[in-house]
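Number of protein chains: 2
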Amino acid sequence: MFETRLAQAASLVEAVLHDILSEAARAGETARPPRLLGAMRHGVLAGGKRLRPFLVAETAHLFGVPQPRAVRAGAALELIHCYSLVHDDLPAMDDDDLRRGQPTVHRAYDEATAILAGDALLTLAFEVMAGDAVHPDPRVRAELLLLLARASGLGGMAGGQMLDLEAEGRFAGGAPLALAETEIRQLQAMKTGALIRFACLAGAVLGGASPEERSALEAYGATIGLAFQIADDLIDHEGDAASAGKATGKDAERGKGTLVSLYGPAWARAELDRLVAAAGRHLAPFGPKAAILGEAAHFIAFRQV
Amino acid sequence: MFETRLAQAASLVEAVLHDILSEAARAGETARPPRLLGAMRHGVLAGGKRLRPFLVAETAHLFGVPQPRAVRAGAALELIHCYSLVHDDLPAMDDDDLRRGQPTVHRAYDEATAILAGDALLTLAFEVMAGDAVHPDPRVRAELLLLLARASGLGGMAGGQMLDLEAEGRFAGGAPLALAETEIRQLQAMKTGALIRFACLAGAVLGGASPEERSALEAYGATIGLAFQIADDLIDHEGDAASAGKATGKDAERGKGTLVSLYGPAWARAELDRLVAAAGRHLAPFGPKAAILGEAAHFIAFRQV
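In order, the protein sequences belong to chains A and B.
Under numbering that gives the first Met the number 0, the first residue of the first sequence is numbered 0, with each subsequent residue one higher.
Under numbering that gives the first Met the number 0, the first residue of the second sequence is numbered 0, with each subsequent residue one higher.
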């Protein structure tokens with residue numbers, strides 16, 4: 000059953016994250032300042048679906064990659080995701096007090112500590128990905144590192160957050176921009192899409208996939224990334240804070256353009272159906288062993304939180 | 000002459016930094032949002048001595064490493080240094096308005112953009128280090144990435160900044176801590192020492208140095224890192240804002256403990272003499288070809304800005 004398999008992957012990655020964020024200083028480290036480590040742990044170990052590591056594990060599984068390697072690579076990716084949440088929640092950014100029903104890192108600690116914790120998590124992600132537990136061949140690790148950096152930085156996630164802040168009209172006069180569909184799609188392909196696409200590509204890289212297999216998994220990743228964002232916008236549009244475990248309705252309040260606000264919830268639900276079907280077509284070359292990834296597309300599109 | 004050689008290395012790394020921060024989106028990037036790129040360029044291309052890349056280049060030169068590789072690795076390291084300045088200057092951290100006589104990134108742009116610019120520079124550093132222009136052997140790149148991440152993160156630079164903020168009494172009641180000498184040395188070995196040590200080690204890794212050679216260069220790096228910090232504290236203690244190009248006297252104002260405040264400027268100058276001599280001894284195994292690194296130690300210890 001899908002939820003069971005997702006939970007199993009989460010508990011494996013959780014164990015690796017606990018190990019990575021343990022107290023003892025490691026080779027090449029002078030010390031691990033407790034306040035900073037505490038804030039990092041707060042930002043990482045508060046639960047979550049661990050969807051991105053799950054996607055790494057399941058795409059890697061298509062190629063028979065040993066599970067510990069995929070879990071390690073997934074943990075590195077999850078650290079990037081968690082750092083981005085810590086920084087996006089900051090007062091200068093989205094100014095959120097709650098995350099998964101808990102105080103955000105800058106509320107539990109303070110702003111400076113939250114900035115540093117995000118920085119140190121981002122750095123740690125690359126340290127983990129560079130380690131030989133991810134793959135014995137350094138060529139594979141170097142490629143994963145390159146792809147992860149490109150997905151996360153200026154031309155990917157960080158750039159997407161910049162576009163998002165601009166769209167909300169935080170700068171240059173203060174009025175929210177009325178984004179066209181293509182601009183919304185580009186913003187979302189960067190802000191949330193890039194890491195999800197990377198997750199699916201990572202399994203292919205770990206598994207030494209053929210160029211065709213890589214393209215198919217990257218297309219699958221792009222498709223479910225888009226579904227993920229539309230589902231997220233739909234939850235924000237219709238949800239309430241109690242069930243989502245975070246503040247909702249913020250998009251409208253900020254005058255933020257999403258495909259849901261542009262075309263309405265009925266369109267969004269039809270689009271999600273279409274995307275789930277498209278994801279399934281990208282998986283066709285892998286046959287029945289990719290069934291779980293088809294279920295993942297459905298889960299991502301129709302989740303309630 | 001030393002200053003000429005330093006300036007030559009700076010202009011080589013400057014060219015690489017310009018290239019890396021050019022406008023066109025690269026493979027794997029969706030787009031380069033102009034506002035974010037502008038803030039990154041502001042944080043990187045405002046000049047500076049480029050001391051860390053110089054140390055990479057000169058230690059690599061001992062082993063006959065082709066110059067473009069060392070410059071590339073040095074540029075990656077410089078991106079880390081620049082990101083740390085952008086974040087350290089933020090209102091929640093050191094709250095500085097000026098850096099090298101120019102407005103800091105959050106003053107020229109805004110806080111959210113400065114946070115994102117730092118994040119994207121940190122990410123870009125790892126992207127550059129993972130690229131094959133640094134070294135054709137991915138094993139070498141993966142090792143550099145590991146060492147760079149450890150020098151920069153929780154157990155290195157970011158951790159050192161955390162200890163520094165704690166020492167200033169920003170948290171837990173607000174009173175500055177009276178640090179003992181060993182605590183000051185640990186803080187400084189992390190906050191500024193770790194990247195300088197890495198710079199010297201990077202040349203050895205690029206050059207396939209023997210374990211003895213690596214140890215000697217790491218010890219040299221640790222020694223000049225300490226000298227760098229004592230010189231910095233001395234400049235802050237005695238300098239004025241006009242000649243230093245930044246606000247000075249801030250350490251005392253913040254009640255911050257340094258070895259200079261603990262033992263006085265006369266002791267500090269004698270200690271710098273001692274450290275320059277010690278650095279020379281670590282270089283002895285390399286003979287006359289390491290003369291420039293001996294001059295670097297002297298420059299670092301007795302610079303005025």
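Bear in mind the hints are in silico, worked out from the structure with no lab data behind them.
Warning: the hint list may mix true and false statements.
Per label pair, the in silico range of CB-to-CB distance [what the hints assert, rightly or not]:
| # | chain 1 | residue 1 | chain 2 | residue 2 | range |
| --- | --- | --- | --- | --- | --- |
| 1 | B | Ala-269 | A | Ala-14 | 45 to 55 Å |
| 2 | B | Ala-179 | A | Glu-22 | 21 to 31 Å |
| 3 | B | Asp-96 | A | Pro-284 | 56 to 66 Å |
| 4 | A | Lys-288 | B | Ala-23 | 34 to 44 Å |
| 5 | B | Ala-179 | A | His-17 | 57 to 67 Å |
| 6 | A | Ala-107 | B | Gly-100 | 56 to 66 Å |
| 7 | B | Arg-273 | A | Gln-66 | 49 to 59 Å |
| 8 | B | Gln-66 | A | Gly-100 | 37 to 47 Å |
Selected chain A positions facing chain B (Cβ under 10 Å, derived; list incomplete) [stated by the list, open to error]:
| # | residue |
| --- | --- |
| 9 | Ala-14 |
| 10 | Val-15 |
| 11 | His-17 |
| 12 | Ser-83 |
| 13 | Leu-84 |
| 14 | Asp-118 |
| 15 | Ala-124 |
| 16 | Glu-126 |
| 17 | Val-139 |
Note that CB positions come from ideal geometry on N, CA and C, so glycine has one too.
Hint by hint, here is what the structure shows:
1. B:Ala-269 - A:Ala-14: 45 to 55 Å: holds (52 Å)
2. B:Ala-179 - A:Glu-22: 21 to 31 Å: With Cβ atoms ~22 Å apart, the hint holds.
3. B:Asp-96 - A:Pro-284: 56 to 66 Å: Given a distance of about 57 Å, which is inside 56 to 66 Å, the answer is holds.
4. A:Lys-288 - B:Ala-23: 34 to 44 Å: Holds, since Lys-288 of chain A and Ala-23 of chain B (Cβ atoms, about 40 Å apart) stay within the stated range.
5. B:Ala-179 - A:His-17: 57 to 67 Å: Check failed, 33 Å falls outside 57 to 67 Å.
6. A:Ala-107 - B:Gly-100: 56 to 66 Å: At roughly 38 Å between Cβ atoms, Gly-100 of chain B and Ala-107 of chain A fall outside 56 to 66 Å, so the hint is violated.
7. B:Arg-273 - A:Gln-66: 49 to 59 Å: Since the Cβ atoms of Arg-273 of chain B and Gln-66 of chain A sit about 54 Å apart, the hinted range of 49 to 59 Å holds.
8. B:Gln-66 - A:Gly-100: 37 to 47 Å: violated (54 Å)
9. Ala-14: violated (19 Å)
10. Val-15: violated (16 Å)
11. His-17: violated (15 Å)
12. Ser-83: holds (8 Å)
13. Leu-84: Since the shortest Cβ distance to chain B is 12 Å, the answer is violated.
14. Asp-118: holds (5 Å)
15. Ala-124: holds (9 Å)
16. Glu-126: holds (4 Å)
17. Val-139: Holds - the Cβ of Val-139 of chain A comes within 10 Å of chain B, reaching about 8 Å at its closest.
Figure legend: structure checked against the earlier numbered hints; hints not met, in rising order: 5, 6, 8, 9, 10, 11 and 13.
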